[in-house]
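Asker: Sequence:
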Amino acid sequence: MKPTPTDTGLPLRAAAFDTLPEALDYAAKGRGGLNFYNARGELTASLSHRELRERAIAAARGLVRAGLPPEARMLIIAETEPDFFVLFCACQYASVVPVPVAVPTSLGGRDSYIAALRRQLAGSAAAAAAAPAALLGYLKEAALGTEAGLVGSFTDILDLPTAGADPRPFGPGDSSYLQYSSGSTRFPLGVDIPQATLMSNARAIAVHGLEINPEDRCVSWLPLYHDMGLVGFMLVPLLTQRSADYMPTRDFARRPLMWLTLMSRNGGTLAFSPSFGYDLCTRRERDAAGAGLDLRRWRGAGIGGDMIQPQVMSRFAEIFAPYGFDRRAFVPSYGMAETTLAISFSPLGRGMLLDRVDRRRLAEEQRAVPSADADPLRSRTFVQCGHVLPGHFLEVRGEDGRRLPDRHVGRVFVKGPSVMRGYFLEPEATARAIDGEGWLDTGDLGYMVDGAVTITGRAKDLIIVNGRNIWPQDLEWALEERLGLRRGDAAAFSVESPDGAERVVVLIECRTCDPA
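Heads up: the sequence shown at position 516 corresponds to 706 in our numbering, and the numbers run straight through without jumps.
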């Protein structure tokens, strides 16, 4: 078995389609496809775009024959395996809205995962649900008492009878999927992304953000229930006819250098990660010498999905420079599920553009005043996230709702064809998020400089003590550096004290044990 080639043999069409079925119909004419690897870097499955289309259409017939009406929702546990891709695309050909959801983690345990599934089944009013065989028990328990009348393993759903049923693909105005937002500050909501909205964002990413070309190949460990994995590295490669190489997120967590090995071995050019993914790689620095890495072709090393940590990224560039990594390949970006994926991109080939500002004036005046002082106690360094995508608009507003001048920190609002239709079955939440003129309140804080946006954090995370704005990330990162902690071992937040004042609390995970 060999991976699908980088040269797909098709003229590149950068998301120049009305719907996902139309895009897959075109991609199936070429040699591109999807390749799946395990933690040891072994190719476990390869699925050409042609095979993906054939299997998806066959499965779509089964969904139609099973009686699922147009626009019915189907919850799918988003395991990184070929059958998930087939089922997601089958929904497109059956006018069934896929709802990709997370695989279980070690956090919270079985009961909390089943409870989360039950909330998502109820919130999406799913008529059907599918899971890998190993997780079917979780799904069946979660589906009890819900509207999901068709529940089965991936194999069960793919093997449904098809006789007498015809595909009925989505049109441009139909939904393409529901994606559950992160839920970092509330219960997650189902983000409704129409086909035309997806195409708008994917086209802007492909043409303006990454300038995708016929020599590009994508490599990803990102979870497929998250917008960066789902849109950025499942759908954008499909919409641009690119071959893509995948490894499960849990395997990346155990062996992060395998991500770089796949980039090296297969000639990967585009790969994204939050800062913590790059940090995991740097912590395996000693293993890199024997990995035979060649990262010279990596031209788009995207950063997004969390607050960008410039020290982490600089360390990654320093460690992997001997293996051909060029720090100018870094592409900081900004986005969220509510805008399909991307809002802004930094210019290609420029790397991270840093902005060091006065820490006191940022905290007390909410102004990002440039500082020449490199002392982290007196200055704060941010990474610019670039200019908003063409055809879209971004404003930073003050508490009075008025647009702020450059270098004044305020709430970030965006508008454009990539903004979601709304939160599914949540009209009140939708009305709070999107105003009558189509402006989306991102919930983020940031500032503008010469048309480029810099994000300073989530508005709901901000801690205010004695009139000073304190970012929890600042405290967490400082403690991690000072105490030699792993990334994510510190968590800062505020509580109200008996006298009504806001107090800062920091929790630190202890990784040592008392033998007694």
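No lab work stands behind these hints, which were simulated from the structure alone.
Be a bit skeptical, because a hint or two may be false.
Claimed, not checked - The list that follows gives simulated cross-link-like pairs (lysine to any residue, SDA-like), each with its CA atoms no further than 25 Å apart:
1. K605 with D516
2. K192 with A481
3. K219 with R440
4. K219 with R230
5. K605 with P294
6. K605 with R440
7. K219 with A204
8. K219 with S390
9. K330 with P362
10. K192 with P362
11. K605 with G641
Asker: Which numbered hints does this structure break?
Answerer: 1, 3, 4, 5, 6, 9, 10
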